[in-house]
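Q: Listed below, chain by chain, are the residues.
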Amino acid sequence: EAGVAQSPRYKIIEKRQSVAFWCNPISGHATLYWYQQILGQGPKLLIQFQNNGVVDDSQLPKDRFSAERLKGVDSTLKIQPAKLEDSAVYLCASSQTGQPNQPQHFGDGTRLSIL
Amino acid sequence: AQSVAQPEDQVNVAEGNPLTVKCTYSVSGNPYLFWYVQYPNRGLQFLLKYITGDNLVKGSYGFEAEFNKSQTSFHLKKPSALVSDSALYFCAVSSNTGFQKLVFGTGTRLLVSP
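Protein chains in written order, with the working numbering: chain A, 91 to 205; chain B, 12 to 125.
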């Protein structure tokens, strides 16, 4: 089966600009996750979707970050305006139903650099 | 609140020797525990999980992990390390209720020398 697809792989922008990342999960997976991985740290959950509804966005900085999964398939994460501390790898993951015993499948991420 | 500690930033081992990567956790209720591996410029790849049952769990690429409830630990092990095992390893914990919410450790870099 095809894995989780993310684009772009790399993005360089200046602070205060906006940026968007795209994710296409594994076909049929109901649950989609966006993580932020800062260098030297483990991934931190930003937002979790169950189909097209938000399950958890408690750690999403909502003043600058937004995400949507309109048709319950692919998803977009946006940052506007970007800050220097947003430099990180943004990982998308999916799982079949979101049950706690299921492994998550990760894409290769988007590496964001803020100048 | 859930948390994971990986006390070693880096583990060095010679090829052919056994390896252990340590992980301790804290969670309310019974834990679901996972190990993931990350190669350079790649996403995380699932290795193995503990849900219930046998405390010794076997996973991909010859890795195994031992769940110890009294010590709240879930150490990753392999009897004979390969140079190709060199990567970043993450332990993660989820509670066993509701939707899965994984909390990851800070990662341990494994370096296997020839």
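Source of the hints: derived by calculation from the structure; they are not laboratory data.
Treat the numbers as computed from the prediction; the structure is a model and nothing was measured.
Every residue, glycine too, gets a C-beta built ideally from N, C-alpha and C.
There could be a bad hint or two in this list.
[To be verified] Each pair of labels, with its calculated beta carbon distance range:
1) B:Glu26 / A:Ser108: 39 to 49 Å
2) B:Gly27 / A:Ala120: 39 to 49 Å
3) A:Asn142 / B:Glu26: 43 to 53 Å
4) A:Ser203 / B:Ser39: 18 to 28 Å
5) B:Asp20 / A:Ser148: 26 to 36 Å
6) A:Asn141 / B:Asn28: 31 to 41 Å
7) A:Asp153 / B:Glu26: 27 to 37 Å
8) A:Lys152 / B:Gln82: 35 to 45 Å
9) A:Trp112 / B:Gly27: 37 to 47 Å
[Claimed, not checked] Dumping the calculated BS3-like pairs for lysine-lysine here, alpha-carbon to alpha-carbon at most 27 Å:
10) B:Lys112 / A:Lys134
11) B:Lys112 / A:Lys168
12) A:Lys161 / A:Lys105
13) A:Lys134 / B:Lys88
14) A:Lys101 / A:Lys134
15) A:Lys134 / B:Lys33
16) A:Lys134 / B:Lys60
Q: Taking the hints in turn, state whether each one holds.
A: Hints and how they fare:
Range check, Glu26 (chain B) to Ser108 (chain A): Cβ separation about 47 Å, and the 39 to 49 Å hint holds. Against the hinted window of 39 to 49 Å, the Cβ-Cβ separation of Gly27 (chain B) and Ala120 (chain A) comes to about 43 Å, which satisfies the hint. For Asn142 (chain A) paired with Glu26 (chain B), a C-beta distance near 48 Å keeps the hint of 43 to 53 Å intact. Between Ser203 (chain A) and Ser39 (chain B), the C-beta spacing of about 38 Å breaks the proposed range 18 to 28 Å.
A beta carbon spacing of about 28 Å between Asp20 (chain B) and Ser148 (chain A) agrees with the range 26 to 36 Å that was offered as a hint. A hinted range of 31 to 41 Å for the beta carbons of Asn141 (chain A) and Asn28 (chain B) is inconsistent with their spacing of about 47 Å. The supplied range of 27 to 37 Å is broken by Asp153 (chain A) and Glu26 (chain B), whose beta-carbon atoms lie about 49 Å from each other. Distance hint for Lys152 (chain A) and Gln82 (chain B): a CB-CB separation of about 39 Å, consistent with the stated range 35 to 45 Å.
A hinted range of 37 to 47 Å holds for the C-beta pair Trp112 (chain A) and Gly27 (chain B), which are about 43 Å apart. For the hint linking Lys112 (chain B) to Lys134 (chain A), the alpha-carbon distance of about 10 Å falls within 27 Å, and the restraint holds. About 22 Å separates the Cα atoms of Lys112 (chain B) and Lys168 (chain A), which keeps this hinted pair within 27 Å; it holds. For the hint pairing Lys161 (chain A) with Lys105 (chain A), the CA-to-CA distance comes to about 31 Å; that exceeds 27 Å, so the pair is violated.
Our distance criterion of 27 Å between C-alpha atoms is met by Lys134 (chain A) and Lys88 (chain B), whose separation comes to about 25 Å. With a CA separation close to 20 Å, the supplied pair Lys101 (chain A) and Lys134 (chain A) stays within the 27 Å bound. With a CA separation close to 20 Å, the supplied pair Lys134 (chain A) and Lys33 (chain B) stays within the 27 Å bound. For the given pair, Lys134 (chain A) sits about 19 Å from Lys60 (chain B) by alpha-carbon distance, which is consistent with the 27 Å threshold.
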